[in-house]
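Protein chains in written order, with the UniProt record's numbering: chain A, 1 to 470; chain B, 1 to 336.
Because the hints were derived from the structure by calculation, they are not lab data.
Among these hints, one or two may not hold up.
[Said to hold, decoys possible] Here are the computed lysine-lysine pairs in the DSSO-like style, where the Cα-Cα straight-line distance is at most 27 Å:
1. A:K44 x A:K287
2. A:K44 x A:K122
3. B:K327 x A:K430
4. A:K278 x A:K51
5. A:K308 x A:K287
6. A:K122 x B:K329
[What the hints assert, rightly or not] Under 8 Å between C-beta atoms, here's a sample of chain A residues computed to sit facing chain B:
7. A15
8. M67
9. Y77
10. G80
11. A92
12. P96
13. L98
14. V102
15. F118
16. K122
17. P125
18. V169
19. N317
20. Q395
21. S409
[Said to hold, decoys possible] Derived, one-sided and incomplete: chain A residues facing chain B with beta-carbon distance under 10 Å:
22. V69
23. W83
24. T402
25. D404
By construction, the Cβ of each residue, glycine as well, lies at the ideal position given by its N, Cα and C atoms.
Given next are the chains, with one letter for each unit.
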Amino acid sequence: MVSPEALLLARWQFAFTVSFHIVFPAISIGLASFLAVLEGLWLKTANRVYKDLFLFWSKIFAVGFGMGVVSGVVLSYEFGTNWSGFSAMAGAITGPLLAFEVMTAFFLEAGFLGIMLFGWNKVGPRAHFFATCMVATGTLISTFWILSSNSWMQTPQGYAIVDGRIVPVDWLRVIFNPSFPYRLVHMTLAAFVVAAMIVSACGAWHLLHGRRDDAVRKTFSMALWMMAAIVPLQLLAGDAHGLNTREHQPAKIAAIEGLWDTEHGGTSLNLVGWPDMKQETTHFAVKVPHLGSLLLTHTWDGEIQGLKSFPAEDRPNSTIVFWSFRIMVGMGLLMLLLAFLGVLLRRGKRLYEARWFQWFALLMGPSGLVALLAGWVTTEAGRQPWVVYGVLRTQDAASPVTVDQVGTSLMIFILVYTVVFGTGIYYMLKLMAKGPDLHEQAEIETGDTGPGRGRFDHRPLSRPTDAIDE
Amino acid sequence: MTIDLPVIWAVVIAFGVFLYVTLDGFDLGIGLVFPLFNGPGDREVMLNTVAPVWDGNETWMVLGGACLYAAFPIAYSVLLPATYLPIIAMLCGLIFRGVAFEIRAKARRTQHLWDLAFVLGSGVAAFAQGVVLGTLLDGIPITRTGQYAGGPFDWFSPFKLFTGLGLMVTYATLGCGWLMIKTDGDLHRRMRRLMGPLALLLGLTVAIVSLWTVLGQPAVAARWFNASNLLYFLPVPVLVFACLLGIFVTLRRGSHHLPFLLTLAILFLGYTGFIISIFPNIVPPSLDIWAASSPHSSQLFTLVGALIIIPIILTYSSVAYWVFRGKVKAGDEGYH
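Work the whole structure out from these sequences, hints included.
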């Protein structure tokens with residue numbers, strides 16, 4: 001049996017490593033598809049600016065991807081080191097799903113990544129485009145399996161319990177469990193939002209610094225079109241996901257709303273407040289009557305179960321998820337505003353002129369990531385005290401490891417992550433601040449037009465100006 | 001006739017782990033011989049020989065881990081707590097190495113720090129993997145309910161630390177052999193000079209680990225020296241010796257490819273020896289592949305996928321190697 005302190009540290013370790021990890025795949029998923037679109041446009045229109053943008057964003061993608069790979073390896077091993085109770089009990093389901101992810105997604109990404117990054121002069125344009133598409137497809141397949149596994153832990157079905165271990169009975173029911181479609185759509189859109197916000201912020205930064213060339217305008221414009229298309233969709237997906245959660249995880253919904261007593265004849269919504277787990281009440285609540293019913297049941301007087309109708313030991317921490325949820329939704333609404341203003345300014349042809357709007361877009365750069373992390377905290381903390389909802393408690397999932405071991409490894413991870421990923425993130429920002437090289441401009445810079453062009457012509461990405469520490 | 005799924009899975013995982021040790025072995029080995037080469041352009045060339053493929057190489061480890069988790073979750077939940085700190089060290093080593101790949105080329109003032117990160121990352125990862133190997137060979141105590149029963153520092157013993165060093169020597173030899181294939185000119189000549197001493201060290205390491213295992217573990221000794229088995233197993237040490245001789249002969253004859261392939265053969269023989277010593281246990285001395293298995297439905301589901309997908313992976317991974325075939329020269333087009 002694991003001690004409470006070791007359990008707490010193991011949970012902190014997982015929260016820390018998974019939060020760090022999820023940032024990178026989210027960026028990779030979004031950027032990989034963006035890269036495929038850019039290369040496709042380049043092949044179709046032969047407009048050089050698309051290739052310049054491809055080369056620029058592929059550098060940022062490569063750094064993010066590399067960090068996603070190594071931080072992800074840590075997670076898969078943590079199931080064994082810190083959560084061997086979980087591996088032993090639920091490994092029969094989550095193991096095969098993870099194995100399928102590795103086989104169908106990781107290899108696809110890793111195998112074609114080399115050609116995508118290094119293969120410009122080794123394979124033809126079509127083969128190169130194929131490699132890029134395979135990398136993008138790989139990231140999406142990866143999302144499919146990970147979300148399937150995570151959703152199964154939230155809404156398990158298709159299994160039996162034999163001798164205290166979970167045994168899969170029907171794989172189709174396991175994979176396509178009740179919350180899976182909602183989560184998959186919500187997460188995939190979130191990854192696109194994350195990337196689009198970063199890309200638009202990068203464009204805004206260069207516009208604000210007076211760069212007005214085609215590459216920068218295209219960057220800004222494409223990202224904003226993307227936002228206009230997917231942010232409304234994301235709100236719809238989030239709404240549908242909420243209805244689904246109310247059906248399958250009512251305690252999570254009650255915790256998100258800070259709702260303690262079931263209100264008959266219409267549930268009000270706490271806009272803000274401070275849920276108190278000990279006193280079983282929400283302090284400073286600002287309530288809007290019937291709004292809870294409207295949002296969560298789409299009816300005027302739909303009923304939502306209060307937290308008090310669940311045993312105290314089965315309640316998720318409402319203080320945390322109440323606020324993480326509001327941060328996510330708040331970011332979503334700001335993004336909607338950004339996308340809407342973008343469309344308006346475009347109609348007035350002021351998109352590249354309105355500096356206040358560019359500042360807004362720049363400041364909103366990290367909002368996708370903030371919303372994504374807040375969303376994950378909501379869904380994961382809202383599942384507590386269960387690892388597999390209603391089946392396996394978190395405390396029974398931990399490994400028989402000592403406080404010292406978990407504590408030491410947590411400190412090592414914090415140190416290593418800060419140094420390594422801190423540098424990586426700094427580097428990504430530095431690359432973005434530098435902006436895309438323009439082909440024409442590059443030729444002048446390096447004297448590629450004269451003799452000796454062989455040295456640089458093939459190395460569009462390797463210019464002395466690329467150094468990160470000068 | 002029933003199909004014995006755990007046996008098939010043991011073969012699949014053994015295959016995956018061997019591919020990992022081969023492929024990431026020479027990646028990590030490059031990091032181990034890295035400090036010895038610092039001429040102009042040397043290190044760029046060394047990194048460029050694997051830059052396009054290291055990601056795929058490392059994925060085999062993730063596959064091995066994921067398949068072990070899927071097919072033998074009990075083994076996974078015993079092995080990882082037993083080797084907790086080495087695994088953490090390995091992961092940190094791989095983080096440093098992986099990020100150094102990306103960032104080294106871009107750094108000017110801090111390049112030597114990323115070189116150090118690459119060298120130490122590779123070294124720590126290789127050493128930690130060797131310690132895990134030694135721990136497996138030495139045996140891991142488990143409770144009757146199938147949980148790890150040892151302490152947090154059981155991996156800290158002379159034998160396991162030696163297997164850690166041993167794997168570093170193996171990887172360094174593989175890395176050197178790989179670089180002999182992928183480089184030419186002066187760098188190639190210096191690799192060739194390094195290959196001899198490394199191969200000698202490798203032979204010595206294999207001999208010491210083998211003797212130490214046999215002397216330290218009566219169960220393993222009994223298996224090897226049983227009169228009827230000895231005849232079948234005797235070729236293993238004999239062939240190792242022959243391969244070692246082969247490395248020196250081919251080095252002298254100026255072959256670019258054979259020293260690497262012969263090192264690979266030694267690795268394969270050593271790996272075979274390891275499997276002979278522990279099979280059918282997956283976590284010696286008491287957990288065998290049948291007891292560690294996940295439910296039939298899990299193994300079958302994953303196996304159907306594996307048998308279809310792994311050949312496809314092998315195909316496109318080979319294509320990637322084919323695309324980047326040939327010698328790497330300083331100043332070749334790269335992505336960095």
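Structure-based check of all given hints:
1. A:K44 x A:K287: Status violated; Cα separation ~54 Å.
2. A:K44 x A:K122: 21 Å, holds
3. B:K327 x A:K430: Answer violated: B:K327 to A:K430 is near 33 Å, above 27 Å.
4. A:K278 x A:K51: 58 Å, violated
5. A:K308 x A:K287: Distance ~18 Å between A:K308 and A:K287 Cα, so the pair holds.
6. A:K122 x B:K329: Holds - the C-alpha atoms of B:K329 and A:K122 are around 15 Å apart, at most 27 Å.
7. A15: For A:A15, the interface hint is violated, since the closest Cβ of chain B sits about 17 Å away, which is over 8 Å.
8. M67: Hint holds; A:M67 Cβ to chain B Cβ min 6 Å, cut 8 Å.
9. Y77: 6 Å, holds
10. G80: 3 Å, holds
11. A92: With a minimum Cβ separation of about 4 Å from chain B (threshold 8 Å), the hint on A:A92 holds.
12. P96: 4 Å, holds
13. L98: 5 Å, holds
14. V102: 5 Å, holds
15. F118: 4 Å, holds
16. K122: 5 Å, holds
17. P125: 14 Å, violated
18. V169: 7 Å, holds
19. N317: With a closest approach of 28 Å, the A:N317 hint is violated.
20. Q395: Hint violated; A:Q395 Cβ to chain B Cβ min 15 Å, cut 8 Å.
21. S409: 5 Å, holds
22. V69: 6 Å, holds
23. W83: Holds, because the Cβ-Cβ distance from A:W83 to chain B comes to roughly 9 Å (cut-off 10 Å).
24. T402: Hint holds; A:T402 Cβ to chain B Cβ min 6 Å, cut 10 Å.
25. D404: Hint on A:D404: holds, closest Cβ of chain B at ~7 Å, below 10 Å.
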